[in-house]
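Go by the hints and put chain P onto chain D.
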Amino acid sequence: MLFFSFFKTLVDHEVTVELKNDISIRGTLKSVDQFLNIKLDNINVVEEMKYPHLSSVKNVFIRGSVVRYVHLPSGAVDTALLEDATRREATQASARAKQG
Amino acid sequence: MDNSRMENLSLQDQGGPHGQNAPPQPAAGGLPPVPQLPPQMFTTAAQLLDLTDKKLMIILRDGRKLIGVLRSWDQFANLVLQDTIERIFAANLYADVHRGIYIVRGENVLMLGEIDLDKDDYVPEPYQEAPIETVHATQRKEQENRKNKDKAKREKLLTMGFEPEHSGEVIF
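Taken in sequence, the protein lines are chains D and P.
Taking UniProt numbering, the leading residue of the first sequence gets 1, the next gets one more, and so forth.
Taking UniProt numbering, the leading residue of the second sequence gets 1, the next gets one more, and so forth.
One or more of the hints may lead you astray.
[Stated by the list, open to error] Cut-off 27 Å, straight-line C-alpha distance, at most; resulting in silico cross-link-like pairs (DSS-like, lysine-lysine):
| # | chain 1 | residue 1 | chain 2 | residue 2 |
| --- | --- | --- | --- | --- |
| 1 | P | K156 | D | K58 |
| 2 | P | K156 | D | K8 |
| 3 | D | K58 | P | K54 |
| 4 | D | K50 | P | K54 |
| 5 | D | K30 | P | K141 |
| 6 | D | K20 | P | K156 |
| 7 | D | K20 | P | K147 |
| 8 | P | K55 | D | K50 |
| 9 | P | K149 | D | K58 |
| 10 | P | K119 | D | K30 |
| 11 | D | K58 | D | K20 |
| 12 | D | K8 | P | K149 |
| 13 | P | K119 | D | K50 |
| 14 | P | K54 | D | K30 |
| 15 | P | K55 | D | K20 |
| 16 | D | K20 | P | K141 |
| 17 | D | K8 | P | K54 |
| 18 | P | K55 | D | K58 |
| 19 | D | K58 | P | K119 |
| 20 | D | K58 | P | K153 |
Just so you know, the hints here were simulated from the structure itself, not pulled from any lab data.
As the structure is a prediction and not an experimental result, all values here were calculated from the model.
Bound-form chain D, shown alone (with noise of 0.2 Å):
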């Protein structure tokens, strides 16, 4: 849930999100669930021309299974807090295991 709740906290910054079909869509992140199904607002296709069907689309809803890289704005990460969080996590997993 470490990743679900770490995009919780990129809500209303612009991404731009890599589908597997090389579509890059760039948008306002508005919403992620626990799939990781992501919804962007105002969106823009990186190479509209090549994907005329999304030219008059303003907002998408992409399902988590197709996306292969969100790219995000640096300053909105701070890396040392998700290491901090991953490794509590990982602890955390280890002592369930161990207890039963």
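Then chain P, alone, in the frame of chain D:
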């Protein structure tokens, strides 16, 4: 579907899942708490709720582009579309085929986007509407080309010990 639960997922609703307000989570490392949005904003249902009854462009995993009005859905993004047309693009041509009502299984959905009604049915310049037969013929030729190219690429990658990306899953 339990309709009253759907109603409870309104984005304006500030309450938690059981009516109480979600307390802000204190951030790790003693930093000031980050203001948190209500958790029910972050469900598939909440993301689809405000697209209901809107005219959408739906792109399926096999590359099909459907334009229709979203009438119902569930947590898996299974969709019901009304007055659907399929828009087929090939080279710089396109054609619309009337399809009617669609029930789409969620796993086949790649993405769906709300159509800006100010730019409704706008297709950029080099693309031209053409008779469906022409578009189908062009499309068949394109698919043939792509199949050959993909096959060559896959064989080459395999000789170098790479498993091709999204093998087994057709994605356009």
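Hints, one by one, checked against the model:
In summary, the hint linking K156 (chain P) to K58 (chain D) is not supported, as the alpha carbons are separated by about 39 Å, beyond the 27 Å threshold. This hinted pair does not check out: K156 (chain P) and K8 (chain D) have alpha carbons roughly 41 Å apart, beyond 27 Å. For the hint pairing K58 (chain D) with K54 (chain P), the CA-to-CA distance comes to about 12 Å; that is within 27 Å, so the pair holds. Annotation: proposed proximity of K50 (chain D) to K54 (chain P) holds, straight-line Cα distance about 25 Å (limit 27 Å).
Restraint check for K30 (chain D) and K141 (chain P): the C-alpha separation of about 39 Å exceeds 27 Å, so the hint is violated. Between K20 (chain D) and K156 (chain P), the direct Cα distance comes to roughly 20 Å. Compliance with the 27 Å bound is thereby established for this hinted pair. For the suggested pair K20 (chain D) and K147 (chain P), the alpha carbons sit about 17 Å apart, so the restraint of at most 27 Å is met. A C-alpha spacing of about 22 Å is found between K55 (chain P) and K50 (chain D), which places the hinted pair at or below 27 Å, so the restraint holds.
Simply put, K149 (chain P) and K58 (chain D) have alpha-carbon atoms about 33 Å apart, too far for the 27 Å limit, and the pair is violated. Our distance criterion of 27 Å between C-alpha atoms is met by K119 (chain P) and K30 (chain D), whose separation comes to about 22 Å. Restraint check: the Cα-Cα separation between K58 (chain D) and K20 (chain D) comes to about 21 Å, which is no more than 27 Å; the hinted pair holds. Between K8 (chain D) and K149 (chain P) the alpha-carbon distance is near 40 Å, which puts this suggested pair outside the 27 Å criterion.
Of the pairs offered as hints, the one joining K119 (chain P) and K50 (chain D) holds, with about 18 Å between alpha carbons and a cut-off of 27 Å not exceeded. The hinted pair formed by K54 (chain P) and K30 (chain D) meets the criterion: a straight-line CA distance of about 18 Å does not exceed 27 Å. With a CA separation close to 25 Å, the supplied pair K55 (chain P) and K20 (chain D) stays within the 27 Å bound. The hinted pair formed by K20 (chain D) and K141 (chain P) meets the criterion: a straight-line CA distance of about 23 Å does not exceed 27 Å.
This hinted pair checks out: K8 (chain D) and K54 (chain P) have alpha carbons roughly 25 Å apart, not beyond 27 Å. At roughly 11 Å between alpha-carbon atoms, K55 (chain P) and K58 (chain D) fall within 27 Å of each other, so this suggested pair holds. Distance check on the hinted pair: K58 (chain D) and K119 (chain P) sit about 9 Å apart at the alpha-carbon level, within 27 Å; holds. This hinted pair does not check out: K58 (chain D) and K153 (chain P) have alpha carbons roughly 35 Å apart, beyond 27 Å.
Violated hints, in rising order: 1, 2, 5, 9, 12 and 20; the structure is consistent with all others.
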